[in-house]
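Novice: Work out the full structure: start from the sequences and follow the hints.
There are 2 protein chains.
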Amino acid sequence: MDEGGNEVFEADREVPRDGFARRPITLADVAREARVGESTVSRVLRSHGSFSEKTRARVEEAVARLGYVPNRIAGTLASTGSRLIGIVIPSLTNIVFPDLLRGATMALEQEGFQSVIAVTDYDQDREEAVVGSLLSWRPAGLIVTGLEHNSGTRRRLLASGVRVAELLDTDGPGLDIVVGYSNRAAGEASARHLAGRGYRRIGYIGHDLTKDRRAAKRYAGFRDGLRAAGLTLAGEERVASPSSVEVGRQGLFDLLARAPDLDAAYFSNDDMALGGYFHCLAHGIAVPGRLALFGYNGLDVGRLMPQPLATIRTPRVEAGATAARLLCAGAPATVVDLGFELIEGATA
Amino acid sequence: MDEGGNEVFEADREVPRDGFARRPITLADVAREARVGESTVSRVLRSHGSFSEKTRARVEEAVARLGYVPNRIAGTLASTGSRLIGIVIPSLTNIVFPDLLRGATMALEQEGFQSVIAVTDYDQDREEAVVGSLLSWRPAGLIVTGLEHNSGTRRRLLASGVRVAELLDTDGPGLDIVVGYSNRAAGEASARHLAGRGYRRIGYIGHDLTKDRRAAKRYAGFRDGLRAAGLTLAGEERVASPSSVEVGRQGLFDLLARAPDLDAAYFSNDDMALGGYFHCLAHGIAVPGRLALFGYNGLDVGRLMPQPLATIRTPRVEAGATAARLLCAGAPATVVDLGFELIEGATA
DNA sequence: CACCGATTTGGCAGCGCTGCCAATCCGGAC
DNA sequence: GTCCGGATTGGCAGCGCTGCCAAATCGGTG
Numbered sequence: 001m002d003e004g005g006n007e008v009f010e011a012d013r014e015v016p017r018d019g020f021a022r023r024p025i026t027l028a029d030v031a032r033e034a035r036v037g038e039s040t041v042s043r044v045l046r047s048h049g050s051f052s053e054k055t056r057a058r059v060e061e062a063v064a065r066l067g068y069v070p071n072r073i074a075g076t077l078a079s080t081g082s083r084l085i086g087i088v089i090p091s092l093t094n095i096v097f098p099d100l101l102r103g104a105t106m107a108l109e110q111e112g113f114q115s116v117i118a119v120t121d122y123d124q125d126r127e128e129a130v131v132g133s134l135l136s137w138r139p140a141g142l143i144v145t146g147l148e149h150n151s152g153t154r155r156r157l158l159a160s161g162v163r164v165a166e167l168l169d170t171d172g173p174g175l176d177i178v179v180g181y182s183n184r185a186a187g188e189a190s191a192r193h194l195a196g197r198g199y200r201r202i203g204y205i206g207h208d209l210t211k212d213r214r215a216a217k218r219y220a221g222f223r224d225g226l227r228a229a230g231l232t233l234a235g236e237e238r239v240a241s242p243s244s245v246e247v248g249r250q251g252l253f254d255l256l257a258r259a260p261d262l263d264a265a266y267f268s269n270d271d272m273a274l275g276g277y278f279h280c281l282a283h284g285i286a287v288p289g290r291l292a293l294f295g296y297n298g299l300d301v302g303r304l305m306p307q308p309l310a311t312i313r314t315p316r317v318e319a320g321a322t323a324a325r326l327l328c329a330g331a332p333a334t335v336v337d338l339g340f341e342l343i344e345g346a347t348a
Numbered sequence: 001m002d003e004g005g006n007e008v009f010e011a012d013r014e015v016p017r018d019g020f021a022r023r024p025i026t027l028a029d030v031a032r033e034a035r036v037g038e039s040t041v042s043r044v045l046r047s048h049g050s051f052s053e054k055t056r057a058r059v060e061e062a063v064a065r066l067g068y069v070p071n072r073i074a075g076t077l078a079s080t081g082s083r084l085i086g087i088v089i090p091s092l093t094n095i096v097f098p099d100l101l102r103g104a105t106m107a108l109e110q111e112g113f114q115s116v117i118a119v120t121d122y123d124q125d126r127e128e129a130v131v132g133s134l135l136s137w138r139p140a141g142l143i144v145t146g147l148e149h150n151s152g153t154r155r156r157l158l159a160s161g162v163r164v165a166e167l168l169d170t171d172g173p174g175l176d177i178v179v180g181y182s183n184r185a186a187g188e189a190s191a192r193h194l195a196g197r198g199y200r201r202i203g204y205i206g207h208d209l210t211k212d213r214r215a216a217k218r219y220a221g222f223r224d225g226l227r228a229a230g231l232t233l234a235g236e237e238r239v240a241s242p243s244s245v246e247v248g249r250q251g252l253f254d255l256l257a258r259a260p261d262l263d264a265a266y267f268s269n270d271d272m273a274l275g276g277y278f279h280c281l282a283h284g285i286a287v288p289g290r291l292a293l294f295g296y297n298g299l300d301v302g303r304l305m306p307q308p309l310a311t312i313r314t315p316r317v318e319a320g321a322t323a324a325r326l327l328c329a330g331a332p333a334t335v336v337d338l339g340f341e342l343i344e345g346a347t348a
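Chains as they are written, first to last, in the UniProt record's numbering: chain A, 1 to 348; chain B, 1 to 348.
Since the hints were made in silico from the structure, they are not lab data.
Since we're looking at a predicted model, the values are computed, not measured.
Here are a few chain A residues that face chain B, going by a calculated C-beta distance under 8 Å:
1. VAL69
2. SER115
3. ALA159
Where chain A lies over chain B, by a calculated footprint (3+ residues, C-beta under 8 Å):
4. 67-76
5. 96-105
Part of the chain A face toward chain B, derived, beta carbon under 7 Å:
6. ILE95
7. ARG102
8. GLU246
9. ARG249
10. PHE278
11. LEU281
All C-beta atoms, glycine included, are put in the ideal place defined by N, C-alpha and C.
Specialist: Put into structure tokens, the structure is as follows:
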């Protein structure tokens with residue numbers, strides 16, 4: 001009645017599958033319902049600018065009555081800068097990346113941001129593609145994993161002007177914000193620890209190092225650490241596939257076949273080490289009496305093994321959270337080294 | 001030169017932190033550069049509509065020259081329906097949800113969609129909040145976990161008119177698309193299996209069932225299965241916290257303290273069962289001779305234990321992928337039961 | 001009762017793109 | 001050379017919201 005003559009249009013609604021959804025409710029609908037201007041509604045909904053208490057009540061009532069859901073697509077286009085952060089991770093198979101995501105989404109949510117994720121499968125070309133794809137959403141920032149990117153990715157990142165945080169590695173130059181720890185130093189520390197405990201014939205079991213650059217840095221650091229202790233790798237087994245419990249188990253089996261006199265095994269990460277541990281259990285190899293085991297990441301599962309796994313705990317969740325907070329806060333370019341912690345455990 | 005008089009504006013660019021980004025390149029810039037109309041550029045970029053080969057080349061050249069990145073925010077607002085799918089999962093701590101994500105993002109990427117994720121921590125009120133938040137991006141569809149939602153969530157979902165896929169459970173009525181398997185039947189099958197193998201004093205070790213409704217359904221199914229076999233639960237330990245290896249290990253310890261004569265333990269999932277297995281290893285409890293163990297999910301780690309874990313394998317990745325594909329294809333409301341597979345293993 | 005500064009409000013021009021429609025072009029048929 | 005149908009192209013009005021600015025309102029003050 002009060003709108004005079006709009007009835008025809010209102011009746012002209014789309015009626016989809018369940019007779020429920022209709023022409024989407026817009027801010028203008030709310031303004032009409034509350035008998036205020038559009039900008040007033042906008043101000044109230046964002047608690048931004050000034051308006052009277054009475055107006056707020058009217059608007060909120062209208063919102064509730066109509067079941068209005070703001071359209072952030074429109075809001076983002078009209079304002080500048082979205083409340084979106086893109087997150088690029090290499091894999092969802094290894095729990096470390098969900099951990100990173102968890103830290104990031106927790107922090108992001110607090111700041112009122114949302115995350116769009118993309119997975120690269122450790123492929124730099126795919127990384128370039130997904131970065132382009134994420135950039136097309138005009139995110140407020142991007143979280144990527146590692147410091148190694150192909151030139152196309154680097155160019156896009158730089159040219160976009162979007163803030164970038166590179167995570168889980170500090171061994172090299174970053175583009176903008178860097179949050180992580182030194183994988184190289186972690187490898188060195190592991191070698192030093194094993195050498196210090198008296199192990200002399202140390203082998204390495206790793207996964208695909210050409211794709212996982214951080215694992216490659218640990219490997220390099222580990223070799224350096226051994227060398228500093230006057231040792232060399234007594235044998236190694238590298239499998240050209242992603243890390244997994246299975247690869248670790250099979251890898252140790254294969255390595256021991258070639259080098260039966262090893263007294264310690266360093267794994268590219270905890271999943272691999274767990275596989276190695278299972279191999280030892282299955283074959284009656286005494287740990288650490290006959291063979292010591294050392295991992296990387298400090299997963300919960302390692303801590304709960306009958307003998308807690310010797311490993312290095314990395315602050316993954318914290319790295320995600322820190323990066324998210326820095327991006328939201330518009331912090332200047334910086335490097336945040338979160339460090340790592342060596343867990344002595346009982347397997348080495 | 002050729003634009004006549006625009007120079008002043010062009011010079012008036014923002015110059016951010018590194019002197020790199022500038023006034024963002026828009027489709028209009030590309031059109032001007034390529035000397036074609038805006039709609040032509042739009043058509044070429046989306047390979048939609050007709051245009052000559054010569055025009056395509058001109059446009060692509062201009063795009064490359066300017067480093068243009070389309071603005072999907074604007075594109076989405078102008079067209080109807082985004083290429084976004086919202087994914088709501090309860091947790092990132094348990095690998096099953098990253099698995100689900102993995103399946104979904106893989107399928108989504110093939111279809112040219114992107115995923116926005118949100119985590120509820122198994123809290124229905126948080127679910128309502130994140131669903132609202134995701135809906136404000138006007139996604140083409142939403143993937144949620146489970147069939148249980150509070151009334152607010154249900155109302156928002158229905159009122160939005162957005163397609164919804166509910167995952168990992170088929171025990172109950174769905175809102176739209178349902179992809180999963182019967183948790184209840186899985187529980188029953190587990191009980192039947194244990195009873196069939198001759199176990200009589202069977203205990204249950206579980207995590208917080210009030211929040212994890214699917215675990216609760218397995219528990220109910222398990223009890224029904226026992227009853228059908230003329231048995232009852234010989235003891236149970238339920239911990240009011242999320243599932244983990246630690247809770248499983250501690251839970252079995254506690255349960256055995258109260259019910260030392262159990263001959264089998266059914267765990268709410270594989271993580272929990274792995275913890276139980278570690279307890280048995282640490283305390284010299286023969287598996288399955290003295291105590292049989294049974295899990296749920298069919299994680300890789302269980303398959304690689306010295307004795308493969310008896311469990312039920314669930315098609316998580318496939319569920320994510322199937323849901324994503326159905327949503328993208330605009331399939332009608334349906335229930336897809338992917339089933340599950342009982343793995344005999346060696347622990348029961 | 002007119003007047004003033006502060007507070008509250010509404011109007012409207014974009015944000016960058018897509019969809020529609022009309023205009024133009026092209027190659028062959030007549 | 002003219003005409004025709006299809007292929008190609010450009011113009012422009014929105015999509016729903018925000019940001020800016022001007023207008024209206026309010027509550028004292030002199």
